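There are 2 protein chains.
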Amino acid sequence: MSDRTPTQQVSDWLTALGGALDRGDAAAAAALFGDDSYWRDLVTFTWNITTAEGNAKVREMIERAVLPAKPSAWQLEGEGTEAGGVTEGWIRFETGVARGYGHVRLIAGKAWTLLTTMTELKGFEEHKGSTRDKGVEHGVHPDRKTWLEQRQQEDAQLGITTQPYVVIVGGGQGGIALGARLRRLNVPTVIVEKNERPGDSWRKRYKSLCLHDPVWYDHLPFLPFPEHWPVFSPKDKIADWLEMYTKVMELNYWGGTECTSAAYDERNAEWTVEVVRNGRRMTLRPRQLVLATGMSGVPNMPSVPGMETFKGDLHHSSKHPGPDNYTGKKAVVIGSNNSGHDICAALWEAGADVTMVQRSSTHVARSDTLMELLLAGLYSEAAVKAGVTTDKADLIFASVPYKVLPSLHAPAFAEMKKRDAEFYGRLEKVGFRLDFGEDDSGLFLKYLRRGSGYYIDVGASELVADGKIKLKTGVEVDRITERSVVFTDGSELPADLIVFATGYGSMNGWAKQLIGKEVADKVGKCWGLGSGTCNDPGPWEGELRNMWKPTHQEALWFHGGNLHQSRHYSQFLALQLKARMEGIPTPVYGMEPVYHVS
Amino acid sequence: MSDRTPTQQVSDWLTALGGALDRGDAAAAAALFGDDSYWRDLVTFTWNITTAEGNAKVREMIERAVLPAKPSAWQLEGEGTEAGGVTEGWIRFETGVARGYGHVRLIAGKAWTLLTTMTELKGFEEHKGSTRDKGVEHGVHPDRKTWLEQRQQEDAQLGITTQPYVVIVGGGQGGIALGARLRRLNVPTVIVEKNERPGDSWRKRYKSLCLHDPVWYDHLPFLPFPEHWPVFSPKDKIADWLEMYTKVMELNYWGGTECTSAAYDERNAEWTVEVVRNGRRMTLRPRQLVLATGMSGVPNMPSVPGMETFKGDLHHSSKHPGPDNYTGKKAVVIGSNNSGHDICAALWEAGADVTMVQRSSTHVARSDTLMELLLAGLYSEAAVKAGVTTDKADLIFASVPYKVLPSLHAPAFAEMKKRDAEFYGRLEKVGFRLDFGEDDSGLFLKYLRRGSGYYIDVGASELVADGKIKLKTGVEVDRITERSVVFTDGSELPADLIVFATGYGSMNGWAKQLIGKEVADKVGKCWGLGSGTCNDPGPWEGELRNMWKPTHQEALWFHGGNLHQSRHYSQFLALQLKARMEGIPTPVYGMEPVYHVS
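Which chain is which? The protein sequence lines are W and L, in order.
Throughout, this note's numbering is defined as the position within the first sequence, counted from one, plus 1.
Throughout, this note's numbering is defined as the position within the second sequence, counted from one, plus 1.
Hints listed in this document are in silico derivations from the structure and should not be mistaken for laboratory results.
Honestly, I wouldn't trust all of these hints.
Since copy identity is lost for identical chains, a pair holds within one copy or between any two.
[As the list claims (entries may be wrong)] Restricting the straight-line Cα-Cα distance to at most 30 angstroms, the calculated cross-link-like pairs of lysine-lysine (DSS-like) are: (1) K248 x K320; (2) K146 x K469; (3) K320 x K135; (4) K430 x K418; (5) K386 x K129; (6) K135 x K248.
Since we're looking at a predicted model, the values are computed, not measured.
Make the full structure from the sequences, and use the hints.
Printed below as a string of structure tokens:
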């Protein structure tokens, strides 16, 4: 075995896998995987987003999902590579109805991790390059409809004389990315968005806000940012991009449109979605409903005695207008994660007197260090130069099972702790409570498990360490008076402004608001992996709950995540919706039960 | 010599050239060129767009422009190639103030064609990739201005408390492409456009209009169309793209703004540009003025006796609203080139009774055949797959001197004539008068020489051949009555609509309108090569008059052309403007005298 090149090793393995599957021999196929192995499938075989962990589960997936899908044409793309005892390669394959792309890691000739993803449905390939639309019918056509007339007709009819196949509630970057994917697959879709214009959800935020993820991480599908786009997009710049993307991608985007309710009609297998479009009530009847209201669900606004008596401004961070009216005022910000830090820093810059109230520890990671240690290999200029395209980076990231991810990230965050020891020391000196995640696996795992609990430092931490942003730690708010906040330790802070940077509930909170408690409970908590850490109770599920995959409510889906996830997983959600529209059978394997309702 | 590989041949040649230039030995450098040779320089040495033709002129350019620019670092990029006795390669080099890229063709060891183009000015390189702006100042900055605040401030001050360095009159694709280049080079620029929104000049055209050039030819700088963009953009789709592009490229685009006059103030070395911006008169004082009003200058509207008595609709093609009001009406379209054909076809599709009046022969080229025979190697899906990027295609095209181009194109058009013989035969049968250019060099040369005289057939010719579009040939319009057109042969056609698809004057017609006759005559005719063919009188100038290069009016420039030219030549015009803004010396070599005023 060891005299075979990495390329040969991967080819051999694929040949063996293909042969075993051709013969229908699940045992032989499973024998190609180690005891400690993972098969992560994005839609292709399982019509789900799911990871089989361990040889027994892999074998079960092979028997129940892989073989029935009629796999074939397994081949290596390019060369295999080897490093540190792990041989890997990129793979192509097919099923009866689709084409796929993936990645395999071998240890001692057996698979450790296998990723299979669906790239396209046979017969429903996206038109591009040499198959791009001609754009104009050459020749002469009486009664020809121009492009504009077709778009106007579509716009006039949708929701009135014709119904979209999909309605997406929420027109932020998630809804927009998914909308673009569906457009390319010719799935009639309407995106409903409360705000007037695409990008408004960014425009309306506090003025200093910008993306904390660097540009290489943030591209939308099909139309990447140009080479000169800044590393960290200011909010208004990303808003403008979203607005224009929506236009040139020809999305049916209904701004100024609020979804008031939705109900599933089982008999007709369609949703009844009530919206108010610029003041006019309309009923949409899509087959599929996607909630893309944001990874942040309904804002968590604690109920504190005396809140209603407060004479100053009091609001959740999602409603914070920015610092402009608070120069010289006293601001108390409850919460010490991303929003809390951003808002405190902006207030301090504007000359407010700012106190941050930290109720539990925060994982702080400096932006530059995070980029160097965690992102550089995949999402950076250097990565681009080394040939790691955005697509490749997304797939490399997807190829690491969530179970394995902590062991991969822990050393990087240990290095971060060392590198920035002086910085962390100064924070601890003023009493700031730090963590690196419960198992020290760092930021991204915290994000996946609970969607919060961290701050990517872009400058606020210096203000905290210097005492410019004052700090109160280890207390809760006891009550609020007309002009102050009183804490559980008895201390009191006068305040003109109180901001609750207290996070958001699970995304199925929107399902509860729009559809009802029964359906919200039926689908259960969104996000999290079942890691048994704070806000992510077990049992272990191994994938993000309810995201981009079938839920326990027929024809209800959730889309969202950060820009990388929106970009990548919109591909798989769009394919699942397209398959259903075309009547392609989509037998789902590996649905998790609902263990938690929120 | 013949045992050296192509790579070695080009390397050897570059080494010899570099050595001779290092020594200041113009004679030795010129000896590296054949008798029949060309050095085409885009800005780098000559601060002009100019071609030295023949060894003597090459030597003169070396002595007077190349040596003074301190050339150095000549090197081959990649491999040399050889085909049909011609060895070629891509080259890099530097001057004292710039970096360059180019292309050389060698025959028997001596240069036949050399193209040198300026890519960037040292010290003023565009920020991109690893030098892209960070986007946000990390850390804390009291009095920080957000990106939006900076843009708003810029917008509020430009033209009032601060003056742009450049004003571009005309916000079509030319002005927009140039504006984007200047933005990347941090040259404060205002684009003034009469229409409200970017793209309106397309939106307002007749509804069936679409681009006749295929997508690979049409990309704008920095942000190419995505892979699924149709081959031929419908007008409204390109309009939306231009609007999006203008926004995300952060251009200072003043829609609803008409330039009423401009005058050069020699003492202060600035222009006084009067504009009316949404009803408000303003004076701009840029250092540089660019007319990007369109390769089509002021519409040619003949003066025909009786025009004013006509009771139906009468207008130039540029004002034609489309066919919608003319179903069942009698339309007479004067002119048989692109606009004439498009308009006739649209009218016929709408059920009008259409007669096309052909006054002189037209070069008709079928779109598909043109793409296969002329564009496929450079601007096509196949070209992209073969590694010919848009940049490379532009440079390959630029590397062929205009003097040589006819001999390159004539065979392709001879092939077209053969391939489509049956098609041409049917046209001739109904009396349509055809040509392939005066020397049979075809469409692109006709375009370069006179900007018109052809039709890229996308269906109208079938209607002409079938007699559905009626044809009158070889006559002129004698007079117009209340309800008809009378021709020089005495015949008369009743008409409800008369469209003069009679073309446009030279671009300096705009200079005449805005600045005055004296300056318009000083700069002279725009466009054309001096080929001695119809509308392009000699003497031979070898480059397009006045385009993208210094004119005989200080600080006045013309920008335009088709999408390929706008894209490519905006690079060189932007660099010339940037150099002047930064005070870099720009000694111009090879200014042509003005031979024709229009």
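For each hint, the structure was consulted:
1. K248 x K320: both (27 angstroms within a copy, 27 angstroms between copies)
2. K146 x K469: between (64 angstroms within a copy, 20 angstroms between copies)
3. K320 x K135: This pair counts as between: shortest inter-copy Cα distance 27 angstroms, intra-copy 46 angstroms.
4. K430 x K418: So K430 and K418 pass the 30 angstroms test inside one copy only (16 angstroms; across, 85 angstroms).
5. K386 x K129: both (25 angstroms within a copy, 13 angstroms between copies)
6. K135 x K248: both (20 angstroms within a copy, 27 angstroms between copies)
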